[in-house]
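Protein chains in written order, with the numbering used here: chain A, 1 to 144; chain B, 1001 to 1184.
It should be emphasised that the hints constitute simulated quantities derived from the structure, not laboratory data.
Since the model is a prediction, treat every value here as computed from it, not as a measurement.
Hints may contain errors.
[Claimed, not checked] Taking lysine to any residue pairs in the SDA-like style, the calculated list, with each CA pair at most 20 angstroms apart, reads:
1. K77/A with I1181/B
2. K1141/B with L69/A
3. K29/A with L1074/B
4. K1141/B with N1183/B
5. K1097/B with F95/A
6. K66/A with L1182/B
7. K1072/B with H31/A
8. K1097/B with M94/A
9. K1141/B with A39/A
10. K1031/B with E1071/B
11. K122/A with L105/A
12. K1022/B with G96/A
13. K77/A with K1158/B
14. K1088/B with L62/A
15. K1022/B with D1087/B
16. K1088/B with G1102/B
17. K1158/B with E1042/B
18. K1031/B with A1073/B
19. K56/A with F1089/B
20. K1072/B with Y34/A
21. K107/A with L69/A
22. K29/A with K1158/B
23. K1141/B with D97/A
24. K1072/B with I1041/B
25. K77/A with S1178/B
26. K29/A with S1178/B
27. K1022/B with V19/A
28. K1031/B with N1100/B
29. K66/A with K1022/B
30. K29/A with K1072/B
31. K107/A with A39/A
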Amino acid sequence: MKLWIKIILGLAIIGIIAVLFGYFFVYNKPHTDYENAEAEYTLNAPELYNAFVEDKHGADSLYTGKVILIEAPLTKKETADSLVIAVIVFNEGMFGDEGIRCVMLPKFHETIMAYQTGDPIKIKGYCTGYNDTDVILEHCSIIH
Amino acid sequence: MKINKILIIALLMLASAAMGQKYVTKTGSIKFFSDAPMEKIEAYNNQVNAALDTETGDLVFKVLMKSFTFEKALMQEHFNENYVESDKFPNATFVGKITNAGEIGFQKGGTFDAQVEGKLTIHGVTRSVKELGSLTVSDGKILTTSVFPIKLSDYEIKIPKTVASNISESVEITVEVSLAILNQ
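Bound conformation, chain B alone (with noise of 0.2 angstroms):
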């Protein structure tokens, strides 16, 4: 009785070292900003949950749609109902890894690039991405971040003609995270 006692507290620690640290935030930042010839669009969303584990480099990003604020109500009205359809597609996600998680010093701290590989999904469409970040460890807390463009073709978001010259066919993305140990 003593013997498997010992057994399943020993088999709990290996369980909880194996699954490394784990950091999380619930409100990351993302905006996405769009250069066309006709206007400049930037767009805000400060309620991003993500979360990241050390030991295996897995890394979950969730955002709602209708979080995201532009400067012009009308903007908004057009990016919810027309662009993404954020009713039939509330979320967007990124389910992936940091392939090179090996190598950030998680444990010393300082600043790290970071190889990031997974499934982004915008608009109910799927497509993988690998893209480059940063990761500045210091004082408990992770900072994530990294600029990439998307092609809004990808993602099946469709621009109408008549406001083509408004909106670029590719947007700025840009991840700014900080995550703290989750204290479980």
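Chain A with its partners taken away, still in its complex shape (with noise of 0.2 angstroms):
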């Protein structure tokens, strides 16, 4: 075979692997495994929610796209459509309860409904920020 054929050849595998790979690990990457995922910051349920209500930019720079592990006790837990969320309340507001609300992942839902009003729980969650009435931690876990 001669030299140049040899040479495109070998430029068309590498491009060809450039592309797959550009697809499979780049394009089509998953999503981050929350679940399985470290919190990057542990933290009480209400030292969260007052770090927003105090000083909402600072909490922001610090906590929000974050993976943060809380602990409360459970106020409640809310069901709508294939939600479930569970919530820790502090405040009363325009929008009813306010505090920390947990998107719970599929494989917790059972776990989480199993939990009663008071119960202390410790949830791992990515936070998507704080809307003026509630810290939303989303893609949660039960940790035991």
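Two chains, two frames, some hints: make the complex.
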């Protein structure tokens, strides 16, 4: 086989590998596995909530977009369509109860429903921020 | 003393009647859909705060941008980091009113057209908007739906030329919220 054919074939193979790599590991890279992600911060629930209420911008830069583990007594559970939300309430406002809302991963729906009001709970989730009424944690799991 | 007490109670009752009934949700849903030549992109957010005062027609929505979920993690990253810059502008809000609230049978129930006007803020840019929606009043709940387009350039959301064929300049927003009466 001539040298130039070998070079073209080699380049073509490298190109195909690069495209496949880009497709599977960049374009189609999976979402973060929040259940197994390590928490960047571990806090008592009032500490997290008060941080946002007292200094929204400061708390945003610290906690929003991060995986956080909180500890608190559970106030209530809510269901809406396919969602199950664990709620820790601190205040009353124009939208009703205000506090931390933890949107549970489907795998933990049954587990959270077994908890009663006042039960101590450790929840890990991805903080999407504070909407002036609640701090939102999504993709939440229960830590035993 | 007794007269003063009666007066205060009467004033409180009047104030409460004037406020109307407030309906709220914290699990409203917003979807956006971009139909570009190269690909279709959808994202969902089902942590939308919404409140409606049936007496005044006042309507408020509040959305955390980081709560939008995309099928592909890479799209979600680009959306937050490059397009809506959610670290800098974490919320989108709508503050406005249903201008024909008086024509809507909040007491008797049914499905009604709603004319909505107000200020929509996305990416730190506030614009006046006027859209049509639909309200279904049933079993003590109000289901609100609206589908409308927004132009990304109106909100100073810049799409790099290299991905211009992947993202439509105008995206379709679908709002669907089921509001329940606020018990205070």
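Exercise. Checked against the structure, which of the hints given earlier come out wrong?
Worked result: When the structure is compared with the hints, numbers 2, 6, 9, 13, 15, 16, 22, 26, 27, 28, 29 turn out to be violated.
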